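Please model the entire structure based on the sequences and the hints provided.
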Amino acid sequence: PALTLPTPTPSRPGPAMVQIENSILARPQAGLQQGDLVYEYLAEGGITRMTVIYFKPSGSQRIEPVRSARPVTIKLWHAYHGVVLFSGANQHVLDAIAQQQIPALTEGSDGGIYFSRDPSRRAPHNLYTDGDRLRQGLSKHAPQITYQLPKPGVPAASPAPAVANRIVFDQTNAHRVTYTYSASDGAYVYGTETGPLVDADSGQPIKPVNVVLVQVSHHDAGFTDVLGAPAVDFDLQGTGPADLFTQGHRYPAKWDLSNPELPLRILGADGKPMPLPAGLTWIHLVDPGTPITVS
-14 PALTLPTPTP SRPGPAMVQI ENSILARPQA GLQQGDLVYE YLAEGGITRM TVIYFKPSGS
46 QRIEPVRSAR PVTIKLWHAY HGVVLFSGAN QHVLDAIAQQ QIPALTEGSD GGIYFSRDPS
106 RRAPHNLYTD GDRLRQGLSK HAPQITYQLP KPGVPAASPA PAVANRIVFD QTNAHRVTYT
166 YSASDGAYVY GTETGPLVDA DSGQPIKPVN VVLVQVSHHD AGFTDVLGAP AVDFDLQGTG
226 PADLFTQGHR YPAKWDLSNP ELPLRILGAD GKPMPLPAGL TWIHLVDPGT PITVS
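Note that the sequence shown covers residues -14 to 280 in this note's numbering.
These aren't lab readings, by the way, just hints derived from the structure by calculation. Since the model is a prediction, treat every value here as computed from it, not as a measurement. Worth double-checking, as some hints may not be accurate.
Have a look at the derived ranges for each label pair, beta carbon to beta carbon [stated by the list, open to error]:
(1) A263 with R(-3): 15 to 23 Å
(2) T209 with I9: 33 to 41 Å
(3) P276 with S101: 26 to 34 Å
Derived SDA-like pairs (lysine to any residue); straight-line CA-CA distance at most 25 Å [unchecked claim]:
(4) K41 with G116
(5) K125 with A168
(6) K257 with S202
(7) K60 with D218
(8) K239 with P135
(9) K125 with D184
(10) K125 with S202
(11) K239 with S202
(12) K60 with R106
(13) K125 with R161
(14) K125 with L247
Backbone N, C-alpha and C define an ideal beta-carbon position, used for all residues, glycine too.
Here is the structure:
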């Protein structure tokens, strides 16, 4: 038989990876629903931060408020190889970004073309960008990527997955998350300790199609943030337990970052990557053993 060579994977620019704040003062945020993938994790003092990943950003929709990079931002960059957009960072994080030659854009980059300040918000919760500016930044600074993400689909269910119309867990001691499944949207409405997480521009609740809880321990990074709070880093390497919620069901899973230079994979009971329905996927990094109430 003739030798079949593997089809070469076309290279394309890596994604925009935007640091977004999730403190009460940061809400309502804008531009989250337009993301492809969100990682949400403890930043400090019970407050979470997000790294929002846009593979093909476009449009004038504001994305805000942009805040600082964290140690885990660097691990996520190695997995996705994009351009990190952030407001600043602790010197340890800035040094690591420089030493590892991570493409990064801040307020002053390229003459300040990627960010503006929102006059209706108070600093530091008022730095924003938009899809068109992200695209501009990617065209100039993004590394080329060749990795493939799993094709959209529905996870195989054997045995039948448990019903999950409502999911409640404490991501931190200050941030309670409640997801309520909306069958008409095929997505979960994201609720917080202060009510629904809504988009500042549309007024609509944020509705991820897929919600993933990744159990991963964190530790003191060994330095403090600008306010003196201990910085946090995550043991995001290897594998660990996960739960996938999609289409009103719960699927036990495993997360896999055995190769730190490729995107995190969600594996099913058969050990193969699970296909996820197309749409926004929200990944919460939670402490191992975090209680989850599902009904």
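Hints, verified against the model:
1. Taken as a hint, the range 15 to 23 Å holds for the pair A263 and R(-3), whose Cβ atoms sit roughly 18 Å apart.
2. Under the hint 33 to 41 Å, the C-beta atoms of T209 and I9, about 22 Å apart, miss the expected range.
3. Between P276 and S101 the beta carbons are some 41 Å apart, a value that contradicts the proposed interval 26 to 34 Å.
4. Simply put, K41 and G116 have alpha-carbon atoms about 8 Å apart, close enough for the 25 Å limit, and the pair holds.
5. Taking the CA atoms of K125 and A168, the gap is near 41 Å; set against the 25 Å cutoff, the hint is violated.
6. The hinted pair formed by K257 and S202 meets the criterion: a straight-line CA distance of about 24 Å does not exceed 25 Å.
7. For the proposed pair K60 and D218, the alpha carbon gap of about 9 Å is at most 25 Å, so the pair holds.
8. Pair hint K239 plus P135 holds up; C-alpha atoms about 15 Å apart against a cutoff of 25 Å.
9. At most 25 Å may separate the alpha-carbon atoms for a hinted pair to count; K125 and D184 exceed this at roughly 29 Å.
10. A hinted pair counts as satisfied when its Cα atoms are at most 25 Å apart, and K125 with S202 does not qualify at roughly 36 Å.
11. Annotation: proposed proximity of K239 to S202 holds, straight-line Cα distance about 15 Å (limit 25 Å).
12. Between K60 and R106 the alpha-carbon distance is near 30 Å, which puts this suggested pair outside the 25 Å criterion.
13. Pair hint K125 plus R161 does not hold up; C-alpha atoms about 39 Å apart against a cutoff of 25 Å.
14. The straight-line distance between the Cα atoms of K125 and L247 is roughly 22 Å, inside the 25 Å bound, and the hint therefore holds.
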